[in-house]
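Asker: Assemble the whole structure, with the sequences as input and the hints as a guide.
2 protein chains.
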Amino acid sequence: MIILKLGGSVITRKEAENPTLNHENLERIAREISQSNYQKLIVVHGAGSFGHPFALKYGIGDEIGNNQDLENKMMGFSITQQAVKELNSRVCQCLRKYNILSVSIQPSSFILTKNKRIISANLNLIRKYLDLGFVPVLYGDVVLDSEDAIKMAVLSGDQIVKYLAENLKPKRVILGTDVDGIFNKDPKKYADAQLLDVVSSLDHMENGDTDTADVTGGMGGKLRELLELADIGVESEIINVNHSNIIKKALNGENIMGTLIKKKIRR
Amino acid sequence: MIILKLGGSVITRKEAENPTLNHENLERIAREISQSNYQKLIVVHGAGSFGHPFALKYGIGDEIGNNQDLENKMMGFSITQQAVKELNSRVCQCLRKYNILSVSIQPSSFILTKNKRIISANLNLIRKYLDLGFVPVLYGDVVLDSEDAIKMAVLSGDQIVKYLAENLKPKRVILGTDVDGIFNKDPKKYADAQLLDVVSSLDHMENGDTDTADVTGGMGGKLRELLELADIGVESEIINVNHSNIIKKALNGENIMGTLIKKKIRR
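If you're matching them up, the sequences are chains G and U in order.
For the first sequence, this note's numbering assigns the number 1210 to the initial residue and increments by one for each residue that follows.
For the second sequence, this note's numbering assigns the number 1210 to the initial residue and increments by one for each residue that follows.
No wet-lab data here; the hints were simulated from the structure.
Be a bit skeptical, because a hint or two may be false.
It does not matter which identical chain is used: a pair holds within one copy or between any two.
DMTMM-like cross-link-like pairs, simulated, lysine to aspartate or glutamate; straight-line CA separation at most 25 Å [stated by the list, open to error]: (1) Lys-1398 x Glu-1233; (2) Lys-1473 x Asp-1271; (3) Lys-1472 x Asp-1389; (4) Lys-1323 x Asp-1340; (5) Lys-1306 x Asp-1340; (6) Lys-1223 x Glu-1295; (7) Lys-1380 x Glu-1226; (8) Lys-1306 x Glu-1295; (9) Lys-1394 x Glu-1226; (10) Lys-1306 x Glu-1226; (11) Lys-1306 x Asp-1278; (12) Lys-1398 x Glu-1224; (13) Lys-1471 x Glu-1224.
Answerer: And the structure:
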């Protein structure tokens, strides 16, 4: 089994003010998946411009003030849920166009968080979909949170990937992003930033570049999730899906540019 | 708590070859719900022309032949799932337009059937959505079936209503249809057909008019589900939502035209 994450910045125009699909990327990715050899595949995609603007606007996951604020956030929840569902429909549709038997799985229908971390999610159906040969497609969504102060939370695709990986123990986790991998410092700021082939701890990063502005955590948040995964024995690869054929090669297990997140071998 | 079912023939143009919304009905229904007094409300809607044509075309729920047939049905599952999800989005959107805090709940994400009957569905999230003040909106969908011979099934909105009612014990179940209620015989065939105010058993129906062609069961199938509900103490009302203000009155508990399905009092 392989879990393939498609970043919101890859399949949507993340800088757009309104939900905007990145058609070209999505088409190319779907085609590459269809051309690759995989036994069992789960796709998890981010929300990008279909989710983040709404989640930010309504402050989903922020502490709730008075009743008016609660109602406003609930309306925001409803709006965000619909927008990311719309994105998911487009992804499933595009996969199907390339003969991939996509099946949509809505996180807000079966996942509960507490303080923004998943505490309950029955994965039996996902296992059954996989066994039958479907490709379950999950996505960053808004979900109920059992912490009374916030009541609702933004659930990132990355956290879903981690939860699935912890529980389903996939052979590989591939994270398709718009960067070549993890650098020792921000390559947009530092010309001498170096791509790291392997990362086993946050110590590989210079200074504090693990925090970037992103509702669901930027590369720093992603890396932390992946290091925790590595700790329990699930390795993951960060790749730049803007390079053509890289998803196909990654799914086929070929050697590609990117960063492997794996456990440090203790001597 | 009230469970309100909106028939596929009410919110879609059921006779249409392609998925076609009944905008007028949907708008009116949403407005009436927003004008009524309810504490907790669950909406369940049928699939109508968004689901039945696909489910029929691909034979979802029919016995599976060879691998080619399985793959074909799986593709049909994927297509049907997307179409009914699209209808659900339209319903949620319209409810939200009238300030109803709709939240979409996708049956195929958490419900499993065996031989076309629900055997597993965790309702905790639905309870939580209700407690917070959301209006969960479920719908007729395609789902996985644990019976190996069929593997997939069409899950009707009516069966969902019944399962929810059995487990959540609502105060009332209201079934919005395009007929005035249950008649003692088919009113489209017999001019002397009489509307029944109360039905407690299938004996109230003359001849075999309980079977009509409908992928998810016509009035006969509906009535059987409701009689089983009545048996465990949950009464339901069948109303014709084409009459304006009837949903508002029904939600408010006013006296309206329709058929009440209730348990026979044994002496």
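Asker: Regarding Lys-1398 and Glu-1224, is the shortest C-alpha distance of 25 Å or less found within a copy, between copies, in both, or in neither?
Answerer: So Lys-1398 and Glu-1224 pass the 25 Å test inside one copy only (19 Å; across, 60 Å).
Asker: Quick one: Lys-1306 to Glu-1295, C-alpha cut-off 25 Å, is that within a copy, between copies, both, or neither?
Answerer: For Lys-1306 and Glu-1295, both the intra-copy (17 Å) and inter-copy (17 Å) Cα distances are at most 25 Å.
Asker: With 25 Å as the alpha-carbon cut-off, assign the pair Lys-1323 and Asp-1340 to within, between, both or neither.
Answerer: Between copies, since 16 Å is at most 25 Å while 30 Å is not.
Asker: Is it within, between, both, or neither for Lys-1473 and Asp-1271, if the alpha carbons may be no more than 25 Å apart?
Answerer: neither (35 Å within a copy, 52 Å between copies)
Asker: For the identical chains here, do Lys-1380 and Glu-1226 meet the 25 Å Cα criterion within one copy, between copies, both, or neither?
Answerer: neither (37 Å within a copy, 44 Å between copies)
Asker: Can you give me the call for Lys-1306 and Asp-1340, within, between, both or neither, at a CA distance of at most 25 Å?
Answerer: So Lys-1306 and Asp-1340 pass the 25 Å test inside one copy only (22 Å; across, 40 Å).
Asker: State whether the alpha carbon distance between Lys-1306 and Asp-1278 is at most 25 Å within one copy, between copies, both, or neither.
Answerer: between (42 Å within a copy, 19 Å between copies)
Asker: Measure nothing new, just compare the shortest in-copy and cross-copy C-alpha distances for Lys-1471 and Glu-1224 to 25 Å and report within, between, both or neither.
Answerer: Neither: 31 Å inside a chain and 57 Å across chains, both beyond 25 Å.
Asker: First find the shortest C-alpha distance between Lys-1306 and Glu-1226 inside one copy, then the shortest across copies, and answer within, between, both or neither for a cut-off of 25 Å.
Answerer: Answer is between: at 22 Å across copies they meet the 25 Å cutoff, but 28 Å inside does not.
Asker: With identical chains treated as interchangeable, where does the CA-CA distance between Lys-1398 and Glu-1233 reach 25 Å or less: within a copy, between copies, both, or neither?
Answerer: This pair counts as neither: shortest intra-copy Cα distance 28 Å, inter-copy 55 Å.
Asker: At most 25 Å between CA atoms: does that hold for Lys-1223 and Glu-1295 within a copy, between copies, both, or neither?
Answerer: both (15 Å within a copy, 24 Å between copies)
Asker: For Lys-1394 and Glu-1226, with the copy left unspecified, which applies at a CA distance of at most 25 Å: within, between, both, or neither?
Answerer: neither (28 Å within a copy, 57 Å between copies)
Hints 1, 2, 7, 9 and 13 from the list above are not met by this structure, while the remaining hints are.
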